[in-house]
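Peer 1: The listed protein sequences derive, respectively, from chains A and B.
For the first sequence, the working numbering gives the first residue as 1, with consecutive numbering after it.
For the second sequence, the working numbering gives the first residue as 1, with consecutive numbering after it.
For the record, the hints were derived by calculation from the structure and aren't laboratory data.
Model, not experiment: these values are computed from the prediction.
One should not assume that every hint holds.
Unchecked claim - Listed next, the in silico PhoX-like pairs over lysine-lysine satisfying Cα-Cα at most 25 Å (straight line):
id : chain 1 : residue 1 : chain 2 : residue 2
1  : A       : Lys85     : A       : Lys155
2  : A       : Lys295    : B       : Lys112
3  : A       : Lys4      : B       : Lys80
4  : A       : Lys4      : B       : Lys112
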Amino acid sequence: MRMKFRIFKNIVKQGFQGMWRNRGMGLASVGSITAVLIILGIVLIMILSINNVVVETKNKFDEIQIFLEDDITDEQLDYIEEQAKENEGVLSVIYQSKEQALEIMKEDWGENAYLLEGFETNPLPDSFIVKLKGIEYADSVVNKVQELEGIDEVKYYKDIIEKLVLMANYVRGGGLIITAILIVVSIFIISNTIKITVTARQREINIMKYVGATNGYIRGPFIIEGVLFGLIGAVLSILIVNYGYRYFFNTVNDKLYVLFTVYLVPPVALIKDLSIIFISIGMGIGALGSLVSLKRFLNA
Amino acid sequence: MIQFVNVSKEYKNGVKALSNVNLSIEKGEFVFLVGPSGAGKSTIIKLILKEEDPTEGKIYLNDMDITKVKNRKIPYIRRKVGVVFQDFRLLQNKTVYENVAFAMEIIGAHPKEIRRNVPMVLSMVDLSRKAYCYPDELSGGEHQRVAIARAIVNSPPILIADEPTGNLDPETAWEIMNVLRDINRRGTTVLMATHAKDIVDIMKKRVIAIESGKIVRDEEKGVYENEISNI
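Build out the structure end to end from the sequences listed, making use of the hints.
Peer 2: Set out below in structure tokens:
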């Protein structure tokens, strides 16, 4: 046990020495890992935010808004309400006048509400708000109501959600492909960096083999060197993504809510998971890079 | 100690290096392996060190079958066999002391043990005064003595020397031979591949002669060339 520990201590020491001796090329490795992880971070944040938007939208908008023409007759109004109510899954049909709509909008816009003061006449239409049990009932209601007289537009969130889901899938797919390519590239860069140390120490490795060093003993320092490069890259990218996103979040989040009534994922909720992901991927890239460059030397 | 049973070796490029070699070296023996270049001396050493696997036959080391062993077991076999090469193979950036200690660090020896054993072997090869010199401050013979110290510091039962005097002048060569003889007297089995006719003739040890991959002569207290084959 003590013997194992001494061997381990030796290996770690040599790993640090190797990293220091090789710091020039190491910079390239750290840089590439940092870049990969930052891009991965951006992709992850985009995916999470879109998912967030999808979920929030689903909850908020299990309703249909039927905008009415200004010159609608009372009979038409009653008929539309009747038709809407008849459908399966409809909880309630509420009439919202243009004045009410403007009030709600002012509330939503909060401190930016002064922007709405400029209108001389209220530009918003009257509407019915049809509350549904769930978004899945929307289609049948929309189909029935759409063709009726006196309706200007039926606003309907299902297609938006579908588009969002589709977009989320594209972002996820594209992001993962880009990340995978970059991971391969950085493994290649790391393996080249380590190869330089390995070549420089080729003589020593040979002698170590003759004296009876195990492959683990020979391989260990190089793997530690690679893992250290990966770790440094991970820490750098965590800092950059964390502070970068925080800044972005603070500048953009409020405006985003005004425009789309959604929030971004708060940075605090992200940082822990992101750190775990980054550190494991960074160290994984480092270890793999080393193993790739060592394979040739150890089988000889 | 070392046993070859019907060992043949054919390299991947088709060269037949050994054919049907049988040899048995007992504990405590001092054996010269002689023969022209390319006869198969190096192949025999490579087979013992598990740098190569035999194509046919069986190899035993310390009564253990090492014909086919898993890669991760090889280091443990090599710890039982000290090796010395013609080109010394020292680490230039380490002192004499560190070069020898290195071999003990690799196998996880206790620092106390390292501090005790390294000076001991250095005095055995008469290099105590040069312990803190770097290899480029040493003569050829001193180089080789450091290499020998490194090879025996972990007390392997077998010491293999591949042309250990090949790069040395005759006087220094004898210095090395005396060291090897001392090590042998302490009980270590020594197998030495060499071209040095005068050394072999004067030492009067067992001689195994190999030619074109076959053992052509194996005699106690032998000489480099048999007079009959000389004619």
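Peer 1: If a hint holds in the structure, say so; if it does not, say that too.
Peer 2: We went through each hint and held it up to the structure:
1. A:Lys85 / A:Lys155: Status holds; Cα separation ~17 Å.
2. A:Lys295 / B:Lys112: Violated, at about 35 Å.
3. A:Lys4 / B:Lys80: 19 Å, holds
4. A:Lys4 / B:Lys112: 16 Å, holds
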